[in-house]
Amino acid sequence: MSEALYQDEAVFLAHSVALEQEATERLYELADTLEIHNNRSLSSLLRELAAYSEQHARQVAGLCQGHSLPGLRAWEYAWPQDESPEVFHYSQVHYLLQAEQALQVALEVEQNAAAFYRDVAARTHNPQIQRWALQFAGEEEEHVRKLQARLLQVNAGQSPRDHTDFDPPQIPE
Amino acid sequence: MLKAKEYKSGIKPIWCPGCGHFGVLNAITKAFAALEQAPENAVLVSGIGCSSRLPAYVNSYGFHGVHGRALPVATGLKVARPELNVIAVGGDGDGFSIGGNHFLHACRRNVDLVYLVMDNEVYGMTKGQASPTTPAHWDHSKLTPHGPQLRPFQPCALALAAGASFIARGYAGDPNGLAQMIFEAVRHPGFAFIQVLSQCVTFCPEQARWKQQVHEEDHNDCCDPVAAARFLHGEDGLAKGNFYRNPRPVWPPSAQAGGAVDLRSEFAL
Numbered sequence: 006m007s008e009a010l011y012q013d014e015a016v017f018l019a020h021s022v023a024l025e026q027e028a029t030e031r032l033y034e035l036a037d038t039l040e041i042h043n044n045r046s047l048s049s050l051l052r053e054l055a056a057y058s059e060q061h062a063r064q065v066a067g068l069c070q071g072h073s074l075p076g077l078r079a080w081e082y083a084w085p086q087d088e089s090p091e092v093f094h095y096s097q098v099h100y101l102l103q104a105e106q107a108l109q110v111a112l113e114v115e116q117n118a119a120a121f122y123r124d125v126a127a128r129t130h131n132p133q134i135q136r137w138a139l140q141f142a143g144e145e146e147e148h149v150r151k152l153q154a155r156l157l158q159v160n161a162g163q164s165p166r167d168h169t170d171f172d173p174p175q176i177p178e
Numbered sequence: 004m005l006k007a008k009e010y011k012s013g014i015k016p017i018w019c020p021g022c023g024h025f026g027v028l029n030a031i032t033k034a035f036a037a038l039e040q041a042p043e044n045a046v047l048v049s050g051i052g053c054s055s056r057l058p059a060y061v062n063s064y065g066f067h068g069v070h071g072r073a074l075p076v077a078t079g080l081k082v083a084r085p086e087l088n089v090i091a092v093g094g095d096g097d098g099f100s101i102g103g104n105h106f107l108h109a110c111r112r113n114v115d116l117v118y119l120v121m122d123n124e125v126y127g128m129t130k131g132q133a134s135p136t137t138p139a140h141w142d143h144s145k146l147t148p149h150g151p152q153l154r155p156f157q158p159c160a161l162a163l164a165a166g167a168s169f170i171a172r173g174y175a176g177d178p179n180g181l182a183q184m185i186f187e188a189v190r191h192p193g194f195a196f197i198q199v200l201s202q203c204v205t206f207c208p209e210q211a212r213w214k215q216q217v218h219e220e221d222h223n224d225c226c227d228p229v230a231a232a233r234f235l236h237g238e239d240g241l242a243k244g245n246f247y248r249n250p251r252p253v254w255p256p257s258a259q260a261g262g263a264v265d266l267r268s269e270f271a272l
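Protein chains in written order, with our numbering: chain A, 6 to 178; chain B, 4 to 272.
Okay, chain A solo, but in the shape it has when bound (with noise of 0.2 Å):
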């Protein structure tokens, strides 16, 4: 499959579909589950990413058109580690997580998404594939950009944060 990935381009753009829609989804599980937690700021801010990796997943959709994609398994993508590189790790994310943490993850996986397409734009020898490999990677680039400066703002406007727990899951037995 990593072959396909690089030479057909009804296969990378099953993998960029893919790789807008998971990034799309877990966004959204973390929003809802933090919303039921009580942290309405961090979910509103996680719809707010989400709502940009929707966009793009629409974009990508849309150029879909005309080809047929293969249906793969989850487990038939090529991705670079387990799981699609636009989506963070479970274990990344916890119930004390903070605005700051969460623009870093997500940051961190923007960079991984941009370094995933500039791979295949130098694998492939199909120009229609390095066209789009190297548009979706300066369009991840921009998200990159994009958070960057958010990053600076939620930094510029906290006084050193204090991450003591007032209610610890632990309680007395």
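Worth flagging that the hints you see were computed from the coordinates, not collected in a lab. Careful, some of the hints might be misleading.
[Said to hold, decoys possible] Example chain B residues on the side facing chain A (calculated, C-beta under 10 Å, incomplete):
{"id": "1", "residue": "20"}
{"id": "2", "residue": "29"}
{"id": "3", "residue": "34"}
{"id": "4", "residue": "36"}
{"id": "5", "residue": "37"}
{"id": "6", "residue": "41"}
{"id": "7", "residue": "42"}
{"id": "8", "residue": "176"}
{"id": "9", "residue": "181"}
{"id": "10", "residue": "231"}
{"id": "11", "residue": "232"}
[Stated by the list, open to error] Output of the computed footprint for chain A on chain B, the stretches with three or more beta carbons under 8 Å from beta carbons of chain A:
{"id": "12", "segment": "44 to 50"}
{"id": "13", "segment": "83 to 92"}
{"id": "14", "segment": "197 to 208"}
For every residue, glycine included, the Cβ atom is placed at its ideal position computed from N, Cα and C.
Fit chain B to the supplied structure of chain A, relying on the hints for placement.
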């Protein structure tokens, strides 16, 4: 043909942010998509605990039952309705302590169902007490301030000794690999046990390190029980892979013919 996300019920999980059970939920929905599973022909049966909430979050039939009793319910259902895909789910406390004896006999009986245990080595729902798989020196709970000081269960080795015909270990942080494991477990004729390392980042934040520690094991698809036992007694508990697969006759024998059990004739006075 449904997409993975269409196998989610729309009920929002109340698990903690970062909980491994989200990965298991995603793996099940991805496996169902790959299996082209008709939602009306799948049943998830659970006991009690954080992980046992899972059936509510999946677009299929479900039964959130009694603590430790997922397997008896799942067994009865599969015997009565062999055409259904029955998946029992739960946690390490539910499966190995309260329901420990059911686990042993389900392995022995070899009814054609899947048992997924989301093992986070702790009772999360009741605020973090030691479970049968908690490390001996885990001292985070005030109930066991010096750790449980007991040797933790080795669920895969237990399953092998008790006669399970499919034994695997997955990781919630790798939902795609776990989806493949579930896909294969559903297709396996007989009792398929999957221990899933599913981190509880709230009560066991050190489990976030599983991302670096869990490793692939190339002992895949071993059908020799002696070799599998040797491997399972020597590994570190953080290997993932298919450890043992050796189909044998399922129970009840009538199920092998693929026919539904005529309960009326069996219980007629």
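Taking the hints in turn, this is what the structure says about them:
1. 20: Given a least distance of 5 Å, the restraint on residue 20 of chain B holds.
2. 29: Nearest chain A Cβ about 8 Å off; hint holds.
3. 34: holds (8 Å)
4. 36: holds (7 Å)
5. 37: holds (4 Å)
6. 41: violated (17 Å)
7. 42: Given a least distance of 18 Å, the restraint on residue 42 of chain B is violated.
8. 176: Since chain A brings a Cβ to about 6 Å from residue 176 of chain B, closer than 10 Å, the hint holds.
9. 181: holds (9 Å)
10. 231: violated (23 Å)
11. 232: For residue 232 of chain B, the interface hint is violated, since the closest Cβ of chain A sits about 28 Å away, which is over 10 Å.
12. 44 to 50: Check failed, 0 qualifying residues.
13. 83 to 92: As far as the segment 83 to 92 of chain B goes, the hint is violated, because 0 residues have Cβ atoms under 8 Å from chain A.
14. 197 to 208: n = 5 at 8 Å, threshold three: holds.
In the structure shown, a violation is registered for the earlier hints numbered 6, 7, 10, 11, 12, 13, in ascending order.
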